[in-house]
Amino acid sequence: MSDLRVGIDVGGTNTDAVVLDAAGRVVAKAKRPTTPDVTEGLRAALDAVLAHLGEARERIARVMLGTTHATNAILERRNLGRVAVLRLGAPATTGVPPLTGWPDDLRKAVSAGEAVLPGGHYVDGRELARPDLDAVRRFLDAAGAEAVAVTGVFSPASGEHERLVGELVRDEYGLPVSLSHEIGSLGLLERENATVLNAALYGVAADVTGALVAALAERGLGARPYLAQNDGTLMTLEHAARLPVSTIGSGPANSLRGAAYLSGVADAIVVDVGGTSTDLGVLAGGFPRESAAAVEIGGVLTNFRMPDILAIALGGGTVVRERGLGPDSVGYRIAEEALVLGGATPTMTDAAVAAGRRPPDAPGWRVDTSEAIADMLQRAVVAADELVADAVDRMALGRADRPLVAVGGGAFVLPARVPGAGEVIRPEHGEVANAVGAAIALASGRVDTILPAGDSRSKAIERAKEEAAARAVAAGADPSLVEIVDLLEVPLSYLSEPAVRVHVKAAGPLTR
Amino acid sequence: MSDIPALARGCAVLGTGGGGDVRTGSLAAVRAIREYGPVPLVSLADLPDDALVVPLSGIGAPTVSHEMIHSEDEPRRVAEEVERIFGCPPSAVMSSEIGGSNGVIPVAWAAQLGLPLLDADGMGRAFPEVQMVSMYVAGLPADLVIMSDVQGNVVTIRPVDGLWSERLARAVCVAAGSSALMADYVLTAAGARGAVIEGTVTYALEVGRATEGVPDPLGALQGRLGAARLVTGKLTDVERRTTGGFVRGTATVEGTGEDRGRTLTLELQNENLVAIEDGRPLAMVPDLITVVDTETAAAIQTEGLRYGQRVTVLAWPCDPLWRTPKGLETAGPRAFGYDLEYVPVEELTAHV
Numbered sequence: 001m002s003d004l005r006v007g008i009d010v011g012g013t014n015t016d017a018v019v020l021d022a023a024g025r026v027v028a029k030a031k032r033p034t035t036p037d038v039t040e041g042l043r044a045a046l047d048a049v050l051a052h053l054g055e056a057r058e059r060i061a062r063v064m065l066g067t068t069h070a071t072n073a074i075l076e077r078r079n080l081g082r083v084a085v086l087r088l089g090a091p092a093t094t095g096v097p098p099l100t101g102w103p104d105d106l107r108k109a110v111s112a113g114e115a116v117l118p119g120g121h122y123v124d125g126r127e128l129a130r131p132d133l134d135a136v137r138r139f140l141d142a143a144g145a146e147a148v149a150v151t152g153v154f155s156p157a158s159g160e161h162e163r164l165v166g167e168l169v170r171d172e173y174g175l176p177v178s179l180s181h182e183i184g185s186l187g188l189l190e191r192e193n194a195t196v197l198n199a200a201l202y203g204v205a206a207d208v209t210g211a212l213v214a215a216l217a218e219r220g221l222g223a224r225p226y227l228a229q230n231d232g233t234l235m236t237l238e239h240a241a242r243l244p245v246s247t248i249g250s251g252p253a254n255s256l257r258g259a260a261y262l263s264g265v266a267d268a269i270v271v272d273v274g275g276t277s278t279d280l281g282v283l284a285g286g287f288p289r290e291s292a293a294a295v296e297i298g299g300v301l302t303n304f305r306m307p308d309i310l311a312i313a314l315g316g317g318t319v320v321r322e323r324g325l326g327p328d329s330v331g332y333r334i335a336e337e338a339l340v341l342g343g344a345t346p347t348m349t350d351a352a353v354a355a356g357r358r359p360p361d362a363p364g365w366r367v368d369t370s371e372a373i374a375d376m377l378q379r380a381v382v383a384a385d386e387l388v389a390d391a392v393d394r395m396a397l398g399r400a401d402r403p404l405v406a407v408g409g410g411a412f413v414l415p416a417r418v419p420g421a422g423e424v425i426r427p428e429h430g431e432v433a434n435a436v437g438a439a440i441a442l443a444s445g446r447v448d449t450i451l452p453a454g455d456s457r458s459k460a461i462e463r464a465k466e467e468a469a470a471r472a473v474a475a476g477a478d479p480s481l482v483e484i485v486d487l488l489e490v491p492l493s494y495l496s497e498p499a500v501r502v503h504v505k506a507a508g509p510l511t512r
Numbered sequence: 001m002s003d004i005p006a007l008a009r010g011c012a013v014l015g016t017g018g019g020g021d022v023r024t025g026s027l028a029a030v031r032a033i034r035e036y037g038p039v040p041l042v043s044l045a046d047l048p049d050d051a052l053v054v055p056l057s058g059i060g061a062p063t064v065s066h067e068m069i070h071s072e073d074e075p076r077r078v079a080e081e082v083e084r085i086f087g088c089p090p091s092a093v094m095s096s097e098i099g100g101s102n103g104v105i106p107v108a109w110a111a112q113l114g115l116p117l118l119d120a121d122g123m124g125r126a127f128p129e130v131q132m133v134s135m136y137v138a139g140l141p142a143d144l145v146i147m148s149d150v151q152g153n154v155v156t157i158r159p160v161d162g163l164w165s166e167r168l169a170r171a172v173c174v175a176a177g178s179s180a181l182m183a184d185y186v187l188t189a190a191g192a193r194g195a196v197i198e199g200t201v202t203y204a205l206e207v208g209r210a211t212e213g214v215p216d217p218l219g220a221l222q223g224r225l226g227a228a229r230l231v232t233g234k235l236t237d238v239e240r241r242t243t244g245g246f247v248r249g250t251a252t253v254e255g256t257g258e259d260r261g262r263t264l265t266l267e268l269q270n271e272n273l274v275a276i277e278d279g280r281p282l283a284m285v286p287d288l289i290t291v292v293d294t295e296t297a298a299a300i301q302t303e304g305l306r307y308g309q310r311v312t313v314l315a316w317p318c319d320p321l322w323r324t325p326k327g328l329e330t331a332g333p334r335a336f337g338y339d340l341e342y343v344p345v346e347e348l349t350a351h352v
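Protein chains in written order, with the UniProt record's numbering: chain A, 1 to 512; chain B, 1 to 352.
Chain A on its own, in the form it takes in the complex (with noise of 0.2 angstroms):
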């Protein structure tokens, strides 16, 4: 019988790991340091889930690994391959060439040419120039890359040249290439962004792949890997292999999802406080509200969706003192530092203990102090409960009636009530919710296009739809229980026929 699933998450501060059963139960969970390296942690936490199940591990159907491997090769710029980047857009596009704006150290370590080359479209489809293949060639023969990133003009609404260059660099090159209209939406400059570093990432994605691979092997397990991406939902390994960059900012989405599918809310503002810092975001339909902002990786705009996340310097670990709170936190050390924990440093987990709250497993949990320590940490509290209740009414989107799900291994320092929420829901296993949520996600597609907004406007946001779904399929949705679960129109002005932007996305989860 393969009926479980494992869901893996490597976060800051720790690696969790959490196996759920054919009704979507949690049987095992685990909490380990993330390690430098990351693999370590990846396999001690898997390892302490494993030597959980027993004998019933061979029933492992599926494993998904949530990871910051791809964020911190581009902001440590390590093991970055290098890229050629072409942009088809000539002769438009020449007044902002490529990776204008890049932070010079990432701009070397990541190029091996820059050109800006015949081709693309126009926003009525016409084409402004016929791609020119022999001075692509040309490039590609003076770059010497080892991967090769093409953004063709208003290619999420016509991919044909993009399609054109790429078979092109496959058939005579062998070489992999990222095209941008699979990457990221309008918006030239952020999507050729996301897309260089898309192709700088393939020998991270690799590296990571191998390493869950690997692990898996060496345990003789004989599941099947996936990896989540910064939407909340998942991909293939193979998929992964081909879009790394999706892969950033997994984390809040999964911490998100995982709230959502231990609550059984779909509507909620989500709490999750870490030992350092609280993330607070809004799950609409059961997934992470989208931030409007442009994302900033490594010092480079852009255009990716990722979660409308608010951080707060408020966490279990988080040094209470005479003048206040924080920022700074006892972080990892919390076991040897907290007051409670027999340390000797006043932590937001005291005050929150002094004030009755203790996280379940640990009833018997108390603090004695002076009275002087002890009226400190009622403050500490009083400001704590502040700091979140303005942090949701920020979040709120003016309606007070929406749950507040706690979850982090700190959910335990909120307060029962909080202003601008309705009730206030603790889910069993919400200190794992994160990779909960790797365990539970979905597999999407989307589409970001614009199209005619007159007569044939449903038409084409049918088609628009079923290309999404086509694209969900394709990460590895099971193509009967795929759904729209987003579609947004924004209306353009200054053209001649009524346009509008349309974005799409389609969800499903993965084939058995």
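If you are wondering where the hints come from, they were derived from the structure by calculation, not from laboratory data.
No residue lacks a Cβ here, since even glycine has one placed at the ideal position from N, Cα and C.
Hints may contain errors.
Simulated restraints, written as ranges between beta carbons of each label pair [as the list claims (entries may be wrong)]:
{"hint": "1", "chain 1": "B", "residue 1": "Y36", "chain 2": "A", "residue 2": "A311", "range": "37 to 45 angstroms"}
{"hint": "2", "chain 1": "B", "residue 1": "P5", "chain 2": "A", "residue 2": "L75", "range": "18 to 26 angstroms"}
{"hint": "3", "chain 1": "A", "residue 1": "D104", "chain 2": "B", "residue 2": "G257", "range": "41 to 49 angstroms"}
{"hint": "4", "chain 1": "B", "residue 1": "G213", "chain 2": "A", "residue 2": "L488", "range": "32 to 40 angstroms"}
{"hint": "5", "chain 1": "A", "residue 1": "D132", "chain 2": "B", "residue 2": "G337", "range": "44 to 52 angstroms"}
{"hint": "6", "chain 1": "B", "residue 1": "Y36", "chain 2": "A", "residue 2": "D267", "range": "51 to 59 angstroms"}
{"hint": "7", "chain 1": "B", "residue 1": "E206", "chain 2": "A", "residue 2": "A311", "range": "27 to 35 angstroms"}
{"hint": "8", "chain 1": "B", "residue 1": "G257", "chain 2": "A", "residue 2": "A313", "range": "17 to 25 angstroms"}
{"hint": "9", "chain 1": "A", "residue 1": "L133", "chain 2": "B", "residue 2": "R167", "range": "40 to 48 angstroms"}
{"hint": "10", "chain 1": "B", "residue 1": "L163", "chain 2": "A", "residue 2": "K459", "range": "31 to 39 angstroms"}
{"hint": "11", "chain 1": "A", "residue 1": "D401", "chain 2": "B", "residue 2": "D3", "range": "41 to 49 angstroms"}
{"hint": "12", "chain 1": "A", "residue 1": "G342", "chain 2": "B", "residue 2": "G223", "range": "48 to 56 angstroms"}
Let chain A serve as the given structure and place chain B on it in line with the hints.
Relative to chain A, chain B alone:
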């Protein structure tokens, strides 16, 4: 001119929701300065009477120019056409509108042409239509429009008036893929005096710098602008519809904190045009209304307005030129189809 980030922040604020995203223009400006050197900023007084000033602007849909970025050759082609027509090369570049992308990207055009940038513009903010410029209000004939597109096409239009220049330029722009570079009006320095709004590049820089590294960016911005704070709250509704080539819409801001219980609606047409509370206007065009992020005081464009954003709406007086009868006829509330008698923002908000 080299402080592009501050200029961009200031231009975004003066964009009153429109004028296009400043990011691409900023990158173009930074890159051009690196390639061609910094751009001198000159005032009208620095120029001889017969010096030619070319007011330039990008025309088209912001979403298009964000994707089909302009060609580096466009400004050169406009300058060559100016020289063909006038018999001498231009002496300076001017931004037609200081608001939004069109306030920042002229730095790139000036650098590419090796010309100084005039510390002035034709709006003091952003407006959606070609004739809504100070030169038109000052009575200069709108009898010449030069346009250049990404392919290298150059179109010279000799319209009979400002309304035709808008109509014809728009048609050319659509044919060119909804994005082009345009010089509408070529001015001599003598003719520009009194017909342009002076000092606006410096002003945009100051507005941008006001929020740099200060503990209270919103307060600093409000103080620098001398603006009234119409409401602080969150966006609870954004409704958009396309009519006649423009996106019109309504955004609703529900007050939070001290403003709890108040509801402000903003009427939009690319730019923020009228702010209304309980059926009563609190500010209207041509006065400036800008939506900023409450936390960072960064301006938010109308196309970027999203449900749930935490915003503050600021409003402050326009240049006196827009309050003249011709100014109000050109860009007052009735020019945008609102049946409202113009009342200055400082009178409407006297009690706020």
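**OP:** May I ask you to test the hint 48 to 56 angstroms on the CB atoms belonging to A/G342 and B/G223?
**Re:** Holds, since A/G342 and B/G223 (Cβ atoms, about 52 angstroms apart) stay within the stated range.
**OP:** Using the Cβ atoms, figure out if A/L133 sits within 40 to 48 angstroms of B/R167.
**Re:** holds (41 angstroms)
**OP:** Given the hint of 44 to 52 angstroms, check if A/D132 and B/G337 actually sit that far apart at their C-beta atoms.
**Re:** This hint holds: roughly 48 angstroms between Cβ atoms.
Original post:
Honestly, do B/L163 and A/K459 meet the 31 to 39 angstroms range at C-beta?
Top reply: Distance hint for B/L163, A/K459 holds at roughly 37 angstroms.
**OP:** With 41 to 49 angstroms as the target window, see if A/D104 and B/G257 comply at their CB atoms.
**Re:** holds (43 angstroms)
Original post:
Is 17 to 25 angstroms right for how far apart the beta carbons of B/G257 and A/A313 are?
Top reply: Holds, since B/G257 and A/A313 (Cβ atoms, about 21 angstroms apart) stay within the stated range.
Subject >> Assessment of proposed distance window 51 to 59 angstroms (beta carbons of B/Y36, A/D267) >> reply: holds (53 angstroms)
**OP:** Just tell me: holds or violated, for the beta carbon distance of B/Y36 and A/A311 against 37 to 45 angstroms?
**Re:** For B/Y36 and A/A311 the Cβ distance comes to about 41 angstroms; the hint holds.
Original post:
Is it true that B/P5 and A/L75 lie within 18 to 26 angstroms of each other by Cβ?
Top reply: holds (22 angstroms)
**OP:** State, for the Cβ atoms of B/G213 and A/L488, whether the hinted interval 32 to 40 angstroms holds or is violated.
**Re:** holds (35 angstroms)
Original post:
How does the Cβ-Cβ distance of B/E206 and A/A311 compare with 27 to 35 angstroms: does it lie in that range?
Top reply: holds (32 angstroms)
Subject >> A/D401 paired with B/D3, Cβ distance criterion 41 to 49 angstroms >> reply: At roughly 47 angstroms between Cβ atoms, B/D3 and A/D401 fall inside 41 to 49 angstroms, so the hint holds.
Violation of the numbered hints given earlier is absent; every hint is satisfied by the structure.
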